[in-house]
Each structure stands twice: as structure tokens, then as C-alpha cells.
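Q: Chain order of the listed sequences is B and H.
Those letters in the first sequence? Residues 53 to 460, by my numbering.
Those letters in the second sequence? Residues 53 to 460, by my numbering.
Treat the hints as calculated values from the structure; they're not laboratory data.
One or more hints might be untrue.
[Unchecked claim] Simulated crosslink set (DSS-like; lysine-lysine; CA at most 30 Å straight-line):
1) H:K87 / B:K193
2) H:K193 / B:K63
3) B:K193 / H:K63
4) B:K87 / B:K193
5) H:K63 / H:K193
The lines below spell out each chain.
Protein chains: 2
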Amino acid sequence: MTVADRSWAEKFAARTRGGVGGGLASILALAGDKKAIPFAGGFPDPSTFPEHELTDLVRGIIDANDSSALQYAPTGGLPGPLDYISGRLGANEGRTPTDGELMITSGTIEALELAGKAFLDPGDLVMVEAPTYLGAIMAFKSFQADLEALPMDEGGLQIEALEASLADGRIPKLLYTIPDHQNPGGVSLVADRRERLVELARRYGFVIVEDVAYRELSFHGATGACLWALGPDVVVQAGTFSKLFFPGVRLGWAAGPPEIVSQLVLAKQNTDQCAGALGQRLLEDYGRRGLLDRQIELSCELYRQRCDLMLAALGEHMPNGVSWTRPRGGFFSWVTLPPGLDAAELAVVAQSRGVTFVPGAPFFPDGRGADNLRLSYSRVEDHLISEGVRRLAAVIEEATGRSRGGES
Amino acid sequence: MTVADRSWAEKFAARTRGGVGGGLASILALAGDKKAIPFAGGFPDPSTFPEHELTDLVRGIIDANDSSALQYAPTGGLPGPLDYISGRLGANEGRTPTDGELMITSGTIEALELAGKAFLDPGDLVMVEAPTYLGAIMAFKSFQADLEALPMDEGGLQIEALEASLADGRIPKLLYTIPDHQNPGGVSLVADRRERLVELARRYGFVIVEDVAYRELSFHGATGACLWALGPDVVVQAGTFSKLFFPGVRLGWAAGPPEIVSQLVLAKQNTDQCAGALGQRLLEDYGRRGLLDRQIELSCELYRQRCDLMLAALGEHMPNGVSWTRPRGGFFSWVTLPPGLDAAELAVVAQSRGVTFVPGAPFFPDGRGADNLRLSYSRVEDHLISEGVRRLAAVIEEATGRSRGGES
Numbered sequence: 053m054t055v056a057d058r059s060w061a062e063k064f065a066a067r068t069r070g071g072v073g074g075g076l077a078s079i080l081a082l083a084g085d086k087k088a089i090p091f092a093g094g095f096p097d098p099s100t101f102p103e104h105e106l107t108d109l110v111r112g113i114i115d116a117n118d119s120s121a122l123q124y125a126p127t128g129g130l131p132g133p134l135d136y137i138s139g140r141l142g143a144n145e146g147r148t149p150t151d152g153e154l155m156i157t158s159g160t161i162e163a164l165e166l167a168g169k170a171f172l173d174p175g176d177l178v179m180v181e182a183p184t185y186l187g188a189i190m191a192f193k194s195f196q197a198d199l200e201a202l203p204m205d206e207g208g209l210q211i212e213a214l215e216a217s218l219a220d221g222r223i224p225k226l227l228y229t230i231p232d233h234q235n236p237g238g239v240s241l242v243a244d245r246r247e248r249l250v251e252l253a254r255r256y257g258f259v260i261v262e263d264v265a266y267r268e269l270s271f272h273g274a275t276g277a278c279l280w281a282l283g284p285d286v287v288v289q290a291g292t293f294s295k296l297f298f299p300g301v302r303l304g305w306a307a308g309p310p311e312i313v314s315q316l317v318l319a320k321q322n323t324d325q326c327a328g329a330l331g332q333r334l335l336e337d338y339g340r341r342g343l344l345d346r347q348i349e350l351s352c353e354l355y356r357q358r359c360d361l362m363l364a365a366l367g368e369h370m371p372n373g374v375s376w377t378r379p380r381g382g383f384f385s386w387v388t389l390p391p392g393l394d395a396a397e398l399a400v401v402a403q404s405r406g407v408t409f410v411p412g413a414p415f416f417p418d419g420r421g422a423d424n425l426r427l428s429y430s431r432v433e434d435h436l437i438s439e440g441v442r443r444l445a446a447v448i449e450e451a452t453g454r455s456r457g458g459e460s
Numbered sequence: 053m054t055v056a057d058r059s060w061a062e063k064f065a066a067r068t069r070g071g072v073g074g075g076l077a078s079i080l081a082l083a084g085d086k087k088a089i090p091f092a093g094g095f096p097d098p099s100t101f102p103e104h105e106l107t108d109l110v111r112g113i114i115d116a117n118d119s120s121a122l123q124y125a126p127t128g129g130l131p132g133p134l135d136y137i138s139g140r141l142g143a144n145e146g147r148t149p150t151d152g153e154l155m156i157t158s159g160t161i162e163a164l165e166l167a168g169k170a171f172l173d174p175g176d177l178v179m180v181e182a183p184t185y186l187g188a189i190m191a192f193k194s195f196q197a198d199l200e201a202l203p204m205d206e207g208g209l210q211i212e213a214l215e216a217s218l219a220d221g222r223i224p225k226l227l228y229t230i231p232d233h234q235n236p237g238g239v240s241l242v243a244d245r246r247e248r249l250v251e252l253a254r255r256y257g258f259v260i261v262e263d264v265a266y267r268e269l270s271f272h273g274a275t276g277a278c279l280w281a282l283g284p285d286v287v288v289q290a291g292t293f294s295k296l297f298f299p300g301v302r303l304g305w306a307a308g309p310p311e312i313v314s315q316l317v318l319a320k321q322n323t324d325q326c327a328g329a330l331g332q333r334l335l336e337d338y339g340r341r342g343l344l345d346r347q348i349e350l351s352c353e354l355y356r357q358r359c360d361l362m363l364a365a366l367g368e369h370m371p372n373g374v375s376w377t378r379p380r381g382g383f384f385s386w387v388t389l390p391p392g393l394d395a396a397e398l399a400v401v402a403q404s405r406g407v408t409f410v411p412g413a414p415f416f417p418d419g420r421g422a423d424n425l426r427l428s429y430s431r432v433e434d435h436l437i438s439e440g441v442r443r444l445a446a447v448i449e450e451a452t453g454r455s456r457g458g459e460s
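Just chain B, with the same shape it has in the complex (with noise of 0.2 Å):
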């Protein structure tokens, strides 16, 4: 019997059926375009990156004849880098994590995978903002969650939305939300939902999964308390590096009750055992020369830039009938299609027009999203921004076009 005579398909544990990981995958061969404008990946600029840095950061791990920054780690992370991380959040939230409630992840993908490990069985419980970062949704599918589409508008998550489902009796194990400058939707948690999202967590008994993915790249202020400081009782909070120091270090941290983060810690030794030593001294260093703080407010500059002319050339270009969410910080706007329109199919005109984007469905668990795509100024260099987004508005108003004329 040959490699081509056998399939091993049936053998396939049945998390595998649950159609996870596609969404990803078409998101990933758009992002590969390299021809198009680029409104998909959601990937930082590479210009934010701190190549001329890296060079003397190594050498200086190697002089101080550091060995522990190329031996395995401790699973949790290597003492000086955490000492590093929690001292951020003392300043940065005003909130230092005690013993045991600080952890160094190797990415917020993989916290949420360890959260899931922790967590979940299957039929489980979730609930989710929709739309919400697809990584999540597949990371809580592939435990054979149910998952629950919370609603949101213009100030975040709809709390009263959450409030009858619990009243009705469903309480999540986890609810999962991203309240600064949410991806896809560009939008962020209103100050007095986030104290009432914790009252909830508390008097129902959930956790909440905080990702705070782009809450430093606020480009007016800050947003509000992050939901750990303000419940550090029922709060896992989730942040990457990927977008503040380099995707390519694969590091993050999660933050949370000390009982759930030595869970997430033995859960981790499954999972790759230890976050990188090299990458977590590289931007413990990185950081205390002040340099993360530097590069993290150059990164603001380069995305509150690219945001304003997008929302410009959307206000310039768009037909009636396409609305837009504005971003007041983060890589994205959430666009909302005349109705009738289906943005897969306009991502693939698009494409052949050179400009991509990701349309809405993979943002949701149900199945909705069809009229929704998500631009990402992120990564378009500023001269290209207004071209791309003439070219997208010319698909939709093609479109519409067409969906008129069928109408009548």
C-alpha cells in the first residue's frame, strides 16, 4: 500500500469536523497576494519592526554570558522577563499581578488554546462578541464548544443581550471578548459596560477572556480600564507582542486568577512545554532600555495616519447604503454592504481588481456576516490607501448594480 492508497481521514478525531481552520486558510492565501492592495491580513507593518536593534540585543544577551536565553525556560517564563511584564502592567493599568497571576505565553492564539484546555469540555458553553477574531472562534470550536453570538454596536458588547441570556438561564464557562479597538469590528467597550460586564462575571460565576491584542495602539487616549484590572478575580487577560514588538518572537502573556493561571501553566507544558527563552530576554532588554514604550508610539503614529486617510477615501469613495465603523485605534474597519450584497463573492472581484479584503462570514460562529468585510488599514502603505479603497467602492457599486437590476 502506498502514501496515495490509504486515507487516514476516518481516523481523524471528531474535533476535526467541526469545519475549523478553513476561514483561516482562504484569509491566509488573500494575505499572500502580493500584487493587491493589501485590506486583508491584519499584520503590522514591517516598518514598525526593530531590526536595527536586534543585532546589538543579541550581543548583549550573549556578553552577559546568559545562558538561560538559549536553555529551556521555566514553563510559566524565565523570572527577569516576567519581572519585566508585570512591572508594564503595574504602570500601564495600575494594577501589578501578585504571585501567581502572570504567565508568558507564546502568543494570545496559544493562551486561548491553554484557556480551552483548562476549560472546556465539549457542548461547553462560550460566549462571543460577533463578530469576533476568528482564531478564537476556531480555537473554542476545536474543544467542541457551543458557542453563543453576543451582539455589539458602536460602544462594544451589548450588555443587555448578555444580561438575558443569563437571566434565561445560560451561563458560559467562558465569555470571550476584545474591548479595545476590536478585530474586525474597530470598536471599543464603552467604560460602564466593562464595570458591569465584571459585575456579571462575578454574581454568575463566569470567566471572563480578556484579549487585549490592540489596546495599546490607541491612537486618541486610552480606552478605559482594561476588564483584569478592574476584576483580576474573574478576568484572564490575554496580550500578544506580535503587534507591539514582532510577530516572528511568538510571545504573549495571560494574566488572571492564580488558581486558573497554574492551570493555563500546566496545560502550557503540553503545548510547547516553554515560550522561546531567546525572545522573552530579547524583549525583556528591549523593553527596559525603554525601547518597546518608543516603538509602541512611532506604531500609533504609522496607524492613526493610515486609519484617517481610509476613513477619508471611505467617506470620498463608498455608494449609499455602505456603512463603516471608525476606528479610534487597532488595524480595522468593519464594513457593513447594501443589503443583497455578498461580500465572498465581491472579495474575489476584488482580488481581480487588486485589492483584497476579508469578507465577514469567518467573523461569526453562525453563519451570518454575508453583507459584512473587514478592511485592514494596517499594513497599506499611505499612498495606496485611497486607490484601493476607489478600486473596492467601484466593485460595490458594480454590484449594486446588478443587485438592482435583478430586483426589478
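Use these hints to put chain H onto chain B, whose structure you have.
A: Relative to chain B, chain H alone:
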């Protein structure tokens, strides 16, 4: 309600109640004892790490303006590093992976996690050698698999025992084996058993997960063809660069049938999305300069010397009734104590005398191993090996005396 008031344990997933993880935690605690002579952890020696080359490698990557080294990588790996690893397998194993047969992982632990995600539903049967790598036991137990322990001898896994189980209708989904310089056994699978094992996998339709962590750390030439080269249709090979390059880079590979590898890549979208791009590029450039092969040569010399010193010391100091394996590669010798002794108790006494080792029980999935222990010579400086073994022999001798006294 405060952090201290609430317990989340009742919300944790069923998989967390398998007692997974305690073994590794105690080993890491032993390995962290800086004062003792360390026969415990299976860490590579820092003197093998490429400290002096790292700065230059990073500079080369930055100077080449290769921003892919800092960006997100494709989930299966960057093209250049994949090409390098593929060429290496071709040169070393006589078989070059074809399209879709190879991916880059964040290490062997992650490869096992991915295999579990792809294949294992609760109650599925996984066969392992006993004793075996406890990270593998933890990984498979975390998927609530049933583990069947197959016996080993000086020639590795006993194929007759496997045949008997299969003939009895116990067909695993996965069979996990470390054919070369096994952890913790210190033995290798003899050539004819390799062929028979692959034939059985074909006949009964199970997947062999081949862990080659120590394969290239062979002191006296190769051990035999790797299982993947013998059976690329039924074998997933999991390799790691932790012992060949350095652990702080978190890099490995998986090679297997394309249908399985593509499922592992899907699963990796949920663990860490991609292995660190910077590490991938460092490995590639280091390897292409011939430095990796040179490092492996020097590592083999270092570990062979230490192994020889340990075997000599064991012969000189150990009391009658103690036996041990004679490794021809890798990091470990596996010791069997006289009946009635408890290695876990001895470990406590030994640590108080300044020598650490790992007791045998965690390496079995079924509670055996009380009269076994694992000695690692990989990170013990040459001049301490004999003294460490002498101390350990004294502890065993005293306990044997007490044990005999108790019997009389």
C-alpha cells in the same frame, strides 16, 4: 467576592483531572537544584550552544532586509527553512519529503499535541513503550486516551508483545516510539524490528509517531534506518532542534503522509499559529553555513565522553543487584534497583547528599517503575560524574542494607 474566595476547580475540564503534569513539575524542581550534581533534567549542555555565532547570524538576516524573519510565518513553516530541513532529511535519511510531507513545529511536545488534536477522541487507544518520555504520556493523557504500555528490552520495543496485542484486537490509533537512544531507556530499536513495526502499522492501519529527539546524537554511528524513511505512508516523524541547536529557539519538524501533515498544520493554527520566524531563519542560516553539523559532531563527542565516564563510574561504585543500560547515544541510562527499594524515596535522600535523578514511576503510564530511576549525563561536568555516581551508590547501598535488615 475576592480572588481568594472563589474556587474555579469545579469548572475545569474533565481532562485536567487525569493527574497530568505533576511528574514534570517534580522533575523541573529537581532539575532546578543548582547545588546538586544534576543527573535529573534531560537538558542539553550550554557549552554546545551557538552563542558566538548568534550575533553574526542575526546581523546577516537583518542586513539582508529579510522582514519575513520578524513577521508571522506560514503555519507550516517558512519556505527557506522548510527547504533546508527537507534537504537535511534527504541527506541524512535517504528520503526527501515530497510536497506536503513536512512542516515546522515549535518542538516535539507541540508535534505530539498536534497529533493528539488530529487523531484522539476520549477513550482512543494509544500504545507507548514503557518506560517512555513522560511528556508524551502527559500529552496523550491530556486527550483522555487509553494508554497501553508495551515492554522493551535491550533491543527496544518488543515487537512480539505488540503483535500479541494486535492479534487480540487491540488496535491503537497511534503508536508512539523513540527508536534511537530512547528516553529514558537508553536503548535503540534493532534493525529487523524497525521493518516489522512498519509492516504491522500497514497491516493494522495505525500511525506510528516516531520521536527522533536523540537520533543524531549517536556515539558510534547510526542506529538503523528511521521509521519514517521505511514507512512514509504510516509514520509521522517528530524531530526537535532543542538538542542539536538550542532549546530557547523552540523549533522542530514533523514529517509524514501529506493528509496527516495538512491536518497537523490545521491544528497548529490553534496552538501558536506558527513557529517563530526569527528562529526558523536562524536555524536555516546556521545550517546552511555547515555550523549545525559541526555543532552536532562536537555535541556527540561531549556526550560520548560523559556517557563513558558515567558507565565507568557505575561499574566501579554500584552495589550488587543494581543494573543499568549502556547507551550508545543520547542523554540517559536507565537504572534498575534491587527489589524492594523505592526510587522516589531514594531521590529525597540523594538530593540531601547533593545528587539528583528522576525516579522511574513518571515514565510509566500505569504506575510501575518504583524500582527504576533515570540518570542523565548530558549536563553534568565531566569531573563531577564519578563523584555523583559514588554518592548515589552510597545512598542505594544504605537503603539496600536497611531493606535487607527489614527482611530479616
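Q: Give a verdict on every hint.
A: Hints and how they fare:
no. : hint           : verdict
1   : H:K87 / B:K193 : 47 Å, violated
2   : H:K193 / B:K63 : 18 Å, holds
3   : B:K193 / H:K63 : 18 Å, holds
4   : B:K87 / B:K193 : 33 Å, violated
5   : H:K63 / H:K193 : 19 Å, holds
Of the numbered hints given earlier, the model fails hints 1, 4; all others are met.
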